[in-house]
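Can you make the complete structure from the sequences, with help from the hints?
Line by line, the protein sequences are chains Y and P. Each position in the first sequence, counted from 1, maps to that position plus 1107 in our numbering. Each position in the second sequence, counted from 1, maps to that position plus 27 in our numbering.
Just so you know, these hints were derived from the structure itself, not from any lab. Bear in mind the structure is a predicted one, so any value in this text is a computation, not a measurement. Every residue gets a Cβ at the ideal spot worked out from N, C-alpha and C, and that includes glycine. Please note that the accuracy of each hint is not assured.
Said to hold, decoys possible - Computed footprint of chain Y on chain P, listed as stretches where at least three residues anywhere in the stretch have a Cβ under 8 angstroms from a Cβ of chain Y:
| # | segment |
| --- | --- |
| 1 | 198-205 |
| 2 | 280-293 |
Claimed, not checked - Below, in silico cross-link-like pairs of lysine to aspartate or glutamate (EDC-like), each with a Cα-Cα straight-line distance of 20 angstroms or less:
| # | chain 1 | residue 1 | chain 2 | residue 2 |
| --- | --- | --- | --- | --- |
| 3 | Y | K1200 | Y | D1235 |
| 4 | Y | K1278 | P | E191 |
| 5 | Y | K1115 | P | E325 |
| 6 | Y | K1211 | P | E191 |
| 7 | Y | K1278 | Y | D1289 |
| 8 | Y | K1458 | Y | E1409 |
| 9 | P | K161 | P | E171 |
| 10 | Y | K1499 | Y | E1393 |
| 11 | Y | K1211 | Y | D1289 |
| 12 | P | K30 | P | E97 |
| 13 | Y | K1278 | Y | E1157 |
| 14 | Y | K1211 | Y | E1266 |
| 15 | Y | K1114 | P | E325 |
| 16 | Y | K1278 | P | D193 |
| 17 | P | K90 | P | E171 |
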Amino acid sequence: MKKINIKKLSACIYAAVIVLLAFLFFTNDFGLVDIRKTAVITGAGIDVAESGVEVTAQLAVPQPAEDGQTTKYLEVTGGGATVSDALNDINVKTGFYPKLVFCKLILLGESCARRNIIELLNYFFRDDYTHLTPQIAMCAGSAGDMVSSRPAFGSTSTEAIERLLSREAQKSGNVAGVRLKDIGIQTNSRSRACYMPYIVGEGGVAEEEGNASPSDRSDGGSPQESEQGGSGQGKNGAAGEKELVCNRAALFRGGIFAGVLSPEDTFALNALSDNIGQATLSCDVEDRIYSLNLRSCSGGAELRLEDGPRVALAFSALAQITDATGPSSPEADGDGVVHGPVLRDGEDRLKEMFTRLYGELVRLDCDALGVADMLYRGYRDRFDSFGEDVFKNARVECSVSLRSSG
Amino acid sequence: MIKNELSMRQTAVIMCVLGAASKLMLWPTSLASACGNALWLPPLVDTAVQTAAVWAVALIGSKTGKTLFELFSQSFTKPVACAIYALLSLFFVLSAVVPMSEQQLMVHEVFYDTIPSIWVFLPFFFFSVYAGSKGLTNAGRTAECCLPLFIVSMLFLLSLAVTECDFNLLLPVLDSPAGDIAKACFGGMHRSINGVYMAVFAGNFRYKRGDAAKISAACATGGIIVSAVCALFYAQYGELALTQYFAVAKLAVFSPVVALVGRLDLIAVYVLDAAILFSIVLNIQAAVYCMYCVTGREWHPLYSLLCNGALFAVTLLFNNSFALVQRAAESYLSVAAAAFTFALPALAWTAYAVAKAGNGRGRTAAAERGGK
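Below you can see the structure in the form of structure tokens.
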């Protein structure tokens, strides 16, 4: 019988034990969590209140398998001087240990326009668990109410808003999808301006304000808090379902609210931010309205300094007619070619949109296109002479090119 | 019998993989804090210095075929060689403190929800005692094992990261004050000690023609990887990079793949962590080798236990004072690192010259005796 080498065996056992222990340490198997005491925050709404900050968190509470239900959603509101205090208040009220790892949405209420949003978001910038990945948006009325409301489409409001702000939705150019990281980077840039989607719950504020036209909302001032915004929807979603519309953008300069862009201006901003894949544009030629589908879109803003500062706004896309008013025939539509007058009208409309957007940004004193940042990064030596307000003094040139995809 | 033989390939892999791995945790954040969007430059400068030192020491090894300890003993007497290697041993132990603390923090931050008790970190020391007592041959083998892990995990993380980068954030190039960049280069010296490692490895493998150049190229490759990670990190976070700790765990979080599937990147971070673990243990292995040279006795387990005991004491003492440890390392350990990086090749060449002159004199004397 072969003799067992005790020395070799003990070395093997020692090696196996330390590998096992090291594996446990590096994979956090010491940190098992009791799911009955855990609440995963899927979205948070922040409102500014008299006492400081109110945070309404939508909690996904994992359920033990024996309950026959995988996840239960709760909305809990906590208050305090800071967001951290408010989250701690939630812990005090519920006993749940709130985890922000899965927080995918931060919603700022209208009342946040009274404060610097960077101060409000400071907790999320400091917190290492959110990773700056959550989508961020501002909403009309109370963020707490919106988070607690039951959406018309989707089981929870955070899920519905996340879908509204998804990359797929951004590709249409209607939504200005922005992450927490973008807010931090843009606010810390030389332009000091950032923007985020502005969500209105239909049946909520927009309706209550008498369906205010988008241009009415571009007032550049602090939005008024809706009186019914806070009471129209109960914290537990007692009121009816809301349709969420999110085709506007809220602008901020240095973290301070500057205004809300109209849907057309928001579309133009998205087109110039080169975020869109395909979009729809209406043209009016000879009393017929054509719906153009724009594909392979490419847009951007560029700063040039020859003969003084000039901002060149450029956009190009392939166009295809998807619909039109008036009579149509297979012979006329069959070739799929978008004719010159339709393309010219589409280009003119886009140029008009870009020019109006730029004027609106100048009026609101908000360099959302990042012109000052372009100056700093591209022409560092001339930054001091033109300064951060270069975008206000620059001439604007629009160049739009639509080509028929047929 | 503890073996210390290495091959050229193993040495090159150590220089490239283990040299780069331990720099990927907190250094990018420190560099962003020190010199903004020029954070990619200090790793390149430090690597250039280290590559020159590696080349100089490797060349000496190829000319003599001896370890530096043997060369110093021959040229400067054994007590001098022992003193140099005792200091080297202490230096290696101290050099392990910052990466070890960083790894502890990274694991707690990335893989844990709450900060666990310090005793949870004990398995690291069990592992370190075991691996530290195994000699340089073991270091070479583990480096070879780490090579595919490092390549796969880095490729995975970088490919996820690159799609979400805005390289405009790296502009304007070299806008940071030269003083800040120089300070960052100096502060990072305690992390870039490939030249000092080479002093330990020299003479422990058989040289062939061109080996010094190959090892130096591997060292430079490791530095370029670190610099690239720093650049990608800043291109993702811009000025927010200053507050984002543990770059490798943050590189891929914005990828659409991660958004869809979940933290898939953590698998790569786990794998990379294995390479980081071995890169920290390399310091212990080098310290143990130096102790063996000084004492001449193969008491590796005891030496490893001593080194790890010292590290454990430091961990207990400075558990919640990492910022202090980091500042001390940047201020004082970097001086020691710079001194060893520049002094060891100079001493090695001096020793070589002395030995050569001694041999020449010996041959002349022998010839004279033969003539008589």
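List, from low to high, the hint numbers that the structure doesn't satisfy. Going through the list in order, the structure violates hints 3, 10, 13 and 17 and respects the others.
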